[in-house]
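Heads up: the sequence lines are chains A and B, in that order. Start counting the first sequence at 30; every next residue gets the next number (our numbering). Start counting the second sequence at 352; every next residue gets the next number (our numbering).
Honestly, I wouldn't trust all of these hints.
As the list claims (entries may be wrong) - Derived CB-CB ranges, DEER-like:
#, chain 1, residue 1, chain 2, residue 2, range
1, B, V376, A, V88, 33 to 43 Å
2, A, N117, B, E374, 33 to 43 Å
3, A, T161, B, V376, 13 to 23 Å
Keep in mind that the hints were calculated from the coordinates and are not lab data. Cβ atoms here follow ideal geometry from the backbone N, Cα and C, with glycine treated the same way.
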Amino acid sequence: MAEDSAETVLPEAAPAPPPALPADFAAIYAAHSQPIFYLALRLLGDPTAAQDATHDVFVKAYRKLDEFRGDAEIRTWLYRITLNHCSNLRQSWSARNIHTADDEAVFDRVGAASENPLRVLETKELGERIRTALAGLPDEYRVLLLLVADEELSYEQIGQLTQQTADAVRGKLHRARRAFTAAFAKTA
Amino acid sequence: MNPPSSQLRQQSATEQVHTTQGETVREFATPEELLRHDRGQTAVPPGIAERLGETLAAEPPPAAEKKPWWKRLL
Numbered sequence: 030m031a032e033d034s035a036e037t038v039l040p041e042a043a044p045a046p047p048p049a050l051p052a053d054f055a056a057i058y059a060a061h062s063q064p065i066f067y068l069a070l071r072l073l074g075d076p077t078a079a080q081d082a083t084h085d086v087f088v089k090a091y092r093k094l095d096e097f098r099g100d101a102e103i104r105t106w107l108y109r110i111t112l113n114h115c116s117n118l119r120q121s122w123s124a125r126n127i128h129t130a131d132d133e134a135v136f137d138r139v140g141a142a143s144e145n146p147l148r149v150l151e152t153k154e155l156g157e158r159i160r161t162a163l164a165g166l167p168d169e170y171r172v173l174l175l176l177v178a179d180e181e182l183s184y185e186q187i188g189q190l191t192q193q194t195a196d197a198v199r200g201k202l203h204r205a206r207r208a209f210t211a212a213f214a215k216t217a
Numbered sequence: 352m353n354p355p356s357s358q359l360r361q362q363s364a365t366e367q368v369h370t371t372q373g374e375t376v377r378e379f380a381t382p383e384e385l386l387r388h389d390r391g392q393t394a395v396p397p398g399i400a401e402r403l404g405e406t407l408a409a410e411p412p413p414a415a416e417k418k419p420w421w422k423r424l425l
């Protein structure tokens with residue numbers, strides 16, 4: 030009987046602990062894994078996919094560490110890898126939201142009526158509301174807001190990451206804020 | 352990971368917290384402040400570091416400089 034044999038099996042030895050990260054790389058992971066995971070989570074909208082993406086981003090970073098010249102902040106470099114990785118994933122999922130200029134005009138009109146501060150109840154649903162609001166934005170706005178939320182990045186660095194000038198970042202950020210505020214209000 | 356101190360300063364300067372009937376209501380002046388708060392509440396699953404350690408254990412060390420084939424001929 031299977032149950033009898035199961036009873037006679039000796040308890041398994043505790044599994045070996047997973048290998049530790051190389052010391053230098055462990056410091057990089059400790060300093061940057063949280064913002065990288067959060068960016069992936071909010072870009073992909075799925076915790077499991079974000080875990081996989083974070084793993085893959087740091088594997089890529091480890092492999093290319095000798096190519097990192099130090100002419101950019103390592104945070105910026107990791108963000109670049111993350112943005113490219115998530116963009117490739119989203120394209121492969123055919124999950125792109127394509128917005129036309131007309132769509133942006135709608136965001137602007139709706140946003141103009143939603144200038145109130147963002148009020149939230151401290152509930153577990155906050156993450157879901159944010160996910161829904163971000164999912165309704167054009168990719169460009171979503172990326173801008175997530176990058177600007179990291180105070181370690183300057184507008185110049187965000188411009189480099191998104192291939193535009195710092196002034197363009199400032200201009201689009203205004204519209205992105207209004208679009209998010211309107212989209213977030215709809216999730217209440 | 353804790354948010355940087357500058358982040359905390361920024362949040363405390365602009366974030367308003369009200370408690371009514373046991374519910375905490377927060378107000379954020381901008382979406383990025385809301386996102387910062389959300390990021391602060393989001394923990395990195397520990398499984399990522401474990402899986403990463405297993406993956407990197409099978410990788411060659413990154414320090415070895417890789418020369419392109421044509422440079423090795425010169």
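So, going through the hints one by one against the coordinates:
no., hint, result
1, B:V376 x A:V88: 33 to 43 Å, "41 Å, holds"
2, A:N117 x B:E374: 33 to 43 Å, "41 Å, holds"
3, A:T161 x B:V376: 13 to 23 Å, "20 Å, holds"
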